[in-house]
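Undergrad: Chains as they are written, first to last, in numbering that gives the first Met the number 0: chain A, 0 to 389; chain B, 0 to 259.
It is worth saying that the hints were derived from the structure and are not from the lab.
For glycine and all other residues, C-beta sits at the position ideal for the given N, C-alpha and C.
You may find that some hints are simply not true.
Estimated spans, in silico, between C-beta atoms of each pair [unchecked claim]:
no.: 1; chain 1: A; residue 1: A339; chain 2: B; residue 2: L215; range: 49 to 57 angstroms
no.: 2; chain 1: A; residue 1: A369; chain 2: B; residue 2: V145; range: 57 to 65 angstroms
no.: 3; chain 1: B; residue 1: G119; chain 2: A; residue 2: T374; range: 41 to 49 angstroms
no.: 4; chain 1: A; residue 1: R111; chain 2: B; residue 2: A243; range: 53 to 61 angstroms
no.: 5; chain 1: A; residue 1: A297; chain 2: B; residue 2: P121; range: 52 to 60 angstroms
no.: 6; chain 1: B; residue 1: G119; chain 2: A; residue 2: P292; range: 41 to 49 angstroms
no.: 7; chain 1: B; residue 1: G30; chain 2: A; residue 2: A339; range: 57 to 65 angstroms
no.: 8; chain 1: A; residue 1: D202; chain 2: B; residue 2: V145; range: 42 to 50 angstroms
no.: 9; chain 1: B; residue 1: P121; chain 2: A; residue 2: G181; range: 29 to 37 angstroms
Single-letter residue listing:
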Amino acid sequence: MLCPPGGDLRVDDVASEGTLLAQGAPVVRLREHPGTALVAPMAGRVARVVLRPGRRLAEIVLFREAGGDRHRHEAPGSASSEAHMRRLMHSAGLWIRLQRRPFGRLPPPDERPAAIFAMAADTRPMAPDPRLALQGREEDLARGLSALARLTDGPVLLCQQAGPALVENGIADGRVTIVTIGPRHPQGLPGLRIHDLRPAGIDMPVWDIHAEDAADLGALLATGLLPETRLVSVAGTAMDESLLVRCQPGADMRGLSHGHVRPGPHVLMAGSPLDGREAHWLGPRDRQVTVRPRARTARPHWFIQALTRSSTQAPVIPTAALEQSVGGAFPAAAMIRALASGDDETAMKLGVLSLLEEDLALADYVIGGAPGLSTLLRRMLDRIETEYAA
Amino acid sequence: MMRGLWDRETVALILLSALMPLALTWLWFGGTQAALRLVLALVVSGLWHMIFMLARAQPPSFAGAIAALAVAMLAPEELGLIRLILGISFGTVMGELVFGGWGRNVVNPATVTLAFLGFGFPAAPWPDLELPVAWAAIPAAAIGAVAGVMSARLLAGAGVVTLLAVTLGADLDRVLPAAGIVLVLLVADPVASASTALGRWLNGVVYAALVVMFSLEWQGAAPLQAAVSAALLASLAAPVLDEAAIALWLVRRKGRHGRI
């Protein structure tokens, strides 16, 4: 199953329904960048293609075919040219696992970022431990990171938690650097680390990628085969027990949680309880399924409503909890004021361009979600993007 | 939807419960007179909150009770009913509600009320608070700081300056109890104080420095009057302190990254 990262992808060359595809074979190409493909996460038959008007990809469903093939990409080895490697990442569907800041979209095909962050730490609640996912894949990871170093003029920063180093510090001529980060959320959020170490700017894009995806790149370079699975955690209050599974990207979340969900209505979310979104399939960058009981939405008493509902949003009180929810990365109250009043310039000074919705998800949770900081942030980023594109 | 608990009303309630040691000790020593003043302040402040809810769809807040408590404890005595009502109304409306309610105000409404009453009716004597009430400010501050609704930095900043002044030989015995109560009730309000780490330190420092200065140089001022004036000036200075702290943060960041 494939569903688009970031929502709005116009596609061409869609594999028609009924086609048999090998694992890793291209299914669609992006209209804007014809070199970039989304690939089949498993060997299977195309069951359903749903396109919205304007050939915008909604979803493509594959049925698994037992004993299917694996698509072999042209493996250039680790000594290939940069152009070659970019082409491989595009055609093997690894490009869509990159995330670009500012604005959080897919990076343009020939962009050279100011730095690349490989996240080997995930502090979100109930997230799978990347160290576990990378066990026995150190060589692939080192190869992948060295390959990534060729895409940028800046450093490749591997963020990991305290413990033995996942790769040797300073591989690729000292371009790959290990950054040790703390164990508590939100210390493991890529946005806050980028804000801290290499702030992104309009003309200083910074990419981030999960370390497991970097290891996938390493494996792809060595063998020409795209690794089939990733480590995904299935957890939440509606589960009998938390699961840690290896499954293909874009898996059906109902399938993953099947048989372990407590009786009663529940919600499946791709992502952590904080920043997850209700979905049917895992996204290309998701490594977490959260299963929560569906809350009954009873209308509050009319008097309570009269007391609490108003035309303007309740203000945020600057408490210690708020400060900690952004990890002390920036003056939280000032940033929230800038976000709420739409003061783009101040927010950019404070480093809003390094942030994405997920970075404010914890703050949103902590303050009870009243002004919807993630929504405000997205609105501001979109506004800045159109202003600077013009 | 999952929600954390630090929305405006929970913060107000936590703040209110942090102030309980102070309030209860004061009620214990103040007796019926104190209770009546508190009820009056609560009723007037609550009425204005109600009016703004009905007229402007502005949700009322428990923070009104905090302001009412501060006014009841600290307002000058022998003012008479009308003047007290006038003062509370002025503070609640002009200090808080016209800005959009608690969280959007610049100065603590109780500070506005007290400054208004103090400067408007200078003949009225300021109350003398019992010493145990001042001691009760310490657990109140501790609860507030541990819960994170009062800034530990602000309290520490004020404490450091006070200690420094005392070691340098300043005679603060008379003003200290009042200054402590005002610090907890008015200055440590998370909304009216600075919101950055450095700004909070500075805010506490500024408040304590003003208290020390007033107590040494302001002849004939009641301790409470000096403390309330210091609180008013400190909270007016808070946005500047924040601005300065952010500017400094930006300079350091620029130094580290070569750009903003």
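Undergrad: Does each hint hold? Answer for all of them.
TA: Structure-based check of each hint:
A beta carbon spacing of about 42 angstroms between A339 (chain A) and L215 (chain B) contradicts the range 49 to 57 angstroms that was offered as a hint. Remark: the range hint 57 to 65 angstroms for A369 (chain A) to V145 (chain B) is contradicted by a beta-carbon distance near 24 angstroms. Checked against the given bound of 41 to 49 angstroms, the beta carbons of G119 (chain B) and T374 (chain A), roughly 45 angstroms apart, stay inside it. As the Cβ distance of R111 (chain A) to A243 (chain B) is approximately 38 angstroms, the hint placing it in 53 to 61 angstroms is violated.
Hint check: A297 (chain A) to P121 (chain B), Cβ distance near 55 angstroms, so the stated range 52 to 60 angstroms holds. Judged by the Cβ atoms, the range 41 to 49 angstroms given for G119 (chain B) and P292 (chain A) is violated: they are separated by roughly 57 angstroms. For G30 (chain B) and A339 (chain A), the Cβ-Cβ distance of about 45 angstroms falls outside the hinted range of 57 to 65 angstroms, so the restraint is violated. Checked against the hint of 42 to 50 angstroms, the C-beta distance between D202 (chain A) and V145 (chain B) comes to roughly 45 angstroms, which is consistent with it.
Separated by about 55 angstroms at the C-beta atoms, P121 (chain B) and G181 (chain A) break the suggested range of 29 to 37 angstroms.
Of the numbered hints given earlier, the model fails hints 1, 2, 4, 6, 7, 9; all others are met.
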